[in-house]
Amino acid sequence: QKEVEQNSGPLSVPEGAIASLNCTYSDRGSQSFFWYRQYSGKSPELIMSIYSNGDKEDGRFTAQLNKASQYVSLLIRDSQPSDSATYLCAVPPLNTGNQFYFGTGTSLTVIP
Amino acid sequence: SAVISQKPSRDICQRGTSLTIQCQVDSQVTMMFWYRQQPGQSLTLIATANQGSEATYESGFVIDKFPISRPNLTFSTLTVSNMSPEDSSIYLCSVGQAGDEQYFGPGTRLTVT
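Chains as they are written, first to last, in this note's numbering: chain F, 3 to 114; chain R, 118 to 230.
Calculated lysine to any residue pairs in the SDA-like style (CA-CA distance at most 20 Å, straight line):
hint: 1; chain 1: F; residue 1: Lys58; chain 2: R; residue 2: Glu218
hint: 2; chain 1: F; residue 1: Lys44; chain 2: R; residue 2: Thr161
hint: 3; chain 1: F; residue 1: Lys4; chain 2: R; residue 2: Gln155
hint: 4; chain 1: F; residue 1: Lys4; chain 2: R; residue 2: Thr161
hint: 5; chain 1: F; residue 1: Lys4; chain 2: R; residue 2: Gly177
hint: 6; chain 1: R; residue 1: Lys182; chain 2: R; residue 2: Ser198
hint: 7; chain 1: F; residue 1: Lys44; chain 2: R; residue 2: Thr228
hint: 8; chain 1: F; residue 1: Lys44; chain 2: R; residue 2: Arg226
hint: 9; chain 1: F; residue 1: Lys4; chain 2: R; residue 2: Glu175
hint: 10; chain 1: F; residue 1: Lys44; chain 2: R; residue 2: Gln155
hint: 11; chain 1: F; residue 1: Lys44; chain 2: R; residue 2: Asp128
hint: 12; chain 1: F; residue 1: Lys69; chain 2: F; residue 2: Arg30
hint: 13; chain 1: F; residue 1: Lys44; chain 2: R; residue 2: Gln158
hint: 14; chain 1: R; residue 1: Lys124; chain 2: F; residue 2: Gly43
hint: 15; chain 1: F; residue 1: Lys69; chain 2: F; residue 2: Asn24
hint: 16; chain 1: F; residue 1: Lys4; chain 2: F; residue 2: Thr88
hint: 17; chain 1: F; residue 1: Lys44; chain 2: R; residue 2: Glu218
Quick list of the computed label-pair ranges, beta carbon to beta carbon:
hint: 18; chain 1: R; residue 1: Ala119; chain 2: F; residue 2: Lys69; range: 25 to 31 Å
hint: 19; chain 1: F; residue 1: Gly11; chain 2: R; residue 2: Gln139; range: 32 to 38 Å
hint: 20; chain 1: F; residue 1: Gln82; chain 2: R; residue 2: Gln158; range: 23 to 29 Å
hint: 21; chain 1: F; residue 1: Arg79; chain 2: R; residue 2: Gln145; range: 33 to 39 Å
hint: 22; chain 1: F; residue 1: Gly56; chain 2: R; residue 2: Ser186; range: 41 to 47 Å
hint: 23; chain 1: F; residue 1: Ser54; chain 2: R; residue 2: Gln131; range: 49 to 55 Å
hint: 24; chain 1: F; residue 1: Pro16; chain 2: R; residue 2: Ser186; range: 47 to 53 Å
hint: 25; chain 1: F; residue 1: Asn68; chain 2: R; residue 2: Leu190; range: 36 to 42 Å
hint: 26; chain 1: R; residue 1: Ile129; chain 2: F; residue 2: Pro12; range: 26 to 32 Å
The following residues of chain F were derived to be distant from chain R, with all beta-carbon distances above 12 Å:
hint: 27; residue: Gly61
hint: 28; residue: Arg79
hint: 29; residue: Ser86
hint: 30; residue: Ile113
No lab work stands behind these hints, which were simulated from the structure alone.
Using N, Cα and C, we set each Cβ at its ideal position, and we do this for glycine too.
Taking the hints into account, I'd like the entire structure generated from these sequences.
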């Protein structure tokens, strides 16, 4: 089992729809969870951090965390073509130094 | 968040040669990290650059192949030594706290022929 797994996609949604991106992780002790957005040819950009169970909203983005199920998701409301990118889930495991496990990413395309 | 720059932004190198990548941050940071992102893959941590001491390497990465310097709290270099085509990748530096938010530089796209 990989440390962090994401639905591989690619995911296509029409403009204005909700895009749902999912991530599961293996280390039950993990305490922090991150979503990065990576445009083609660019470096990853941090868009959301979540540390507690439940929902965290920031503009059109909502991160959802369920530690019992070892599951974290990212919802993008009112999706825009500019949201088309690869989204990476990142989970630092507990007690393994500086390691920062990234998922393989989900490619999202928002169709105008 | 800190502003991070990397040099060069891209390079094409011949096998057997070495390339040194620079990472500069506009403020002092405790922790700097070096990652590799191979084509179509996710990010893999190479090492943590420690100021005043040797870098801490992750499994599968060794100092002879990827020597790292960290002379102060705003600068680090990663050298890719004795390159082969398998080293073709994007190399990224990041800053942040262990186990917490990390911010990435723009990356260096390396092609080895």
